[in-house]
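Asker: Sequence:
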Amino acid sequence: MFDTLIHKLKNDRYITLETTPGHSATFTPTIDKIETLGLADLVDGFSTTDNPLAKLKYNALFAAKLLQERFKKPVIATMSMRDRNKIALQSDLLGANEFDIRAILALTGDPATISDQPNTKGVFEGDSSLLLDIIAALNSGMDYAAKPFNVTPKQIHPFAVVNSYAKNPKTLQKKMQKKIKHGAVGIITQPVYDVENAKQLLELKEKANKECCRENKNAELILGVFPITKLRTAQFLSSHVPGINVPPCWIDKLREANTKGAEEEYKVGFELSKKLFEELKQLHPKIHLMTANQFQIAKDILV
Numbered sequence: 565m566f567d568t569l570i571h572k573l574k575n576d577r578y579i580t581l582e583t584t585p586g587h588s589a590t591f592t593p594t595i596d597k598i599e600t601l602g603l604a605d606l607v608d609g610f611s612t613t614d615n616p617l618a619k620l621k622y623n624a625l626f627a628a629k630l631l632q633e634r635f636k637k638p639v640i641a642t643m644s645m646r647d648r649n650k651i652a653l654q655s656d657l658l659g660a661n662e663f664d665i666r667a668i669l670a671l672t673g674d675p676a677t678i679s680d681q682p683n684t685k686g687v688f689e690g691d692s693s694l695l696l697d698i699i700a701a702l703n704s705g706m707d708y709a710a711k712p713f714n715v716t717p718k719q720i721h722p723f724a725v726v727n728s729y730a731k732n733p734k735t736l737q738k739k740m741q742k743k744i745k746h747g748a749v750g751i752i753t754q755p756v757y758d759v760e761n762a763k764q765l766l767e768l769k770e771k772a773n774k775e776c777c778r779e780n781k782n783a784e785l786i787l788g789v790f791p792i793t794k795l796r797t798a799q800f801l802s803s804h805v806p807g808i809n810v811p812p813c814w815i816d817k818l819r820e821a822n823t824k825g826a827e828e829e830y831k832v833g834f835e836l837s838k839k840l841f842e843e844l845k846q847l848h849p850k851i852h853l854m855t856a857n858q859f860q861i862a863k864d865i866l867v
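So that you can map any letter, position 198 of the sequence shown is 762 in the numbering used here, and since no number is skipped, the others follow by simple counting.
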């Protein structure tokens with residue numbers, strides 16, 4: 565399962581779909597929606613998010629297990645440094661390993677100060693590089709303290725993230741190099757909204773891989789796509805989310821459509837998003853689709 569995913573990532577077309585577990589004691593309704601729409605047949609795998617924005621959600625590892633059991637497709641489970649120390653991280657990885665949850669997206673995590681849980685404190689023993697190092701240790705048959713395991717864990721495939729835009733592109737290259745040096749096999753970008761932006765990211769990834777070649781390490785870039793169907797979403801991403809660049813022409817077109825009603829606004833936004841998806845797929849067919857669980861939009865983009 566995971567060998568196929570990594571082979572596709574390195575040599576073929578590759579599409580994964582993000583799922584966001586909800587503030588609920590069950591994840592099954594989300595899986596049922598995916599099954600009803602036949603989305604598992606349109607993607608190579610899924611991902612599960614880990615309490616994004618420090619808001620309490622269903623556990624990403626358990627969600628990944630349920631997805632894999634239902635669809636027999638690999639799932640990249642997110643783990644953040646915000647909520648666990650080194651003991652908890654390793655313990656969760658070992659438990660997940662026996663259940664074949666073996667693709668991990670390493671995140672530093674959003675600050676605990678924005679949590680919906682009172683007086684929450686972040687752990688943050690390190691950034692996502694520490695989790696990548698922990699995974700490397702487990703893959704070598706020992707824990708982070710260099711103590712060998714009685715039974716060696718099955719191989720874990722580490723993924724990482726990077727911003728899609730920076731005023732100084734060199735900073736993005738340095739961040740990519742850091743993730744690659746710490747073992748990431750795939751680097752998922754924040755949403756991309758411009759083909760030229762995507763081309764620049766691919767050039768930076770090539771330079772980052774070249775810098776790391778002496779260590780025999782490299783990673784594939786996975787372009788993040790988040791469809792925009794509302795003006796307010798475009799404005800929010802443009803103004804409040806660092807590392808994402810929504811072109812002014814998108815905002816202008818959505819603003820004009822907004823004056824004609826919600827239906828026209830959705831139509832224009834979807835057409836822009838669909839066109840971008842097709843162009844990115846032609847340029848670099850390795851894409852991570854994010855729709856905030858709006859799975860009908862995901863299907864309409866993919867078919």
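Quick caveat, the hints were computed from the structure, so don't treat them as lab data.
Please note that the accuracy of each hint is not assured.
What the hints assert, rightly or not - Capping the alpha-carbon separation at 27 Å, the derived lysine-lysine pairs in DSSO-like fashion look like this:
id: 1; residue 1: Lys574; residue 2: Lys650
id: 2; residue 1: Lys824; residue 2: Lys637
id: 3; residue 1: Lys824; residue 2: Lys763
id: 4; residue 1: Lys597; residue 2: Lys845
id: 5; residue 1: Lys824; residue 2: Lys845
To be verified - Just the calculated beta-carbon pair ranges, DEER-fashion:
id: 6; residue 1: Glu779; residue 2: Leu847; range: 41 to 51 Å
id: 7; residue 1: Glu599; residue 2: Cys813; range: 19 to 29 Å
id: 8; residue 1: Phe800; residue 2: Asp680; range: 14 to 24 Å
id: 9; residue 1: Gly807; residue 2: Lys771; range: 13 to 23 Å
id: 10; residue 1: Lys771; residue 2: Gly586; range: 33 to 43 Å
Where a beta carbon is used, it is the ideal one built from N, C-alpha and C, also for glycine.
Asker: All the hints need checking, so say for each whether the structure fits it.
Answerer: Hints, verified against the model:
Annotation: proposed proximity of Lys574 to Lys650 is violated, straight-line Cα distance about 30 Å (limit 27 Å). Proximity of Lys824 to Lys637 is assessed by CA-CA distance (about 42 Å); at most 27 Å being required, the pair is judged violated. For the suggested pair Lys824 and Lys763, the alpha carbons sit about 34 Å apart, so the restraint of at most 27 Å is broken. Of the pairs offered as hints, the one joining Lys597 and Lys845 holds, with about 25 Å between alpha carbons and a cut-off of 27 Å not exceeded.
A C-alpha spacing of about 31 Å is found between Lys824 and Lys845, which places the hinted pair above 27 Å, so the restraint is violated. For the pair Glu779 and Leu847, the beta carbons lie near 28 Å from each other, so the given range of 41 to 51 Å is not met. About 37 Å separates the C-beta atoms of Glu599 and Cys813, a value inconsistent with the hinted range of 19 to 29 Å. Phe800 and Asp680 have their C-beta atoms about 19 Å apart, which keeps the hinted 14 to 24 Å range intact.
Take Gly807 and Lys771: their Cβ atoms lie about 19 Å apart, and the range 13 to 23 Å holds. With their beta carbons about 40 Å apart, Lys771 and Gly586 fall inside the hinted range of 33 to 43 Å.
Hint check: violations occur at hints 1, 2, 3, 5, 6 and 7; the rest are consistent with the structure.
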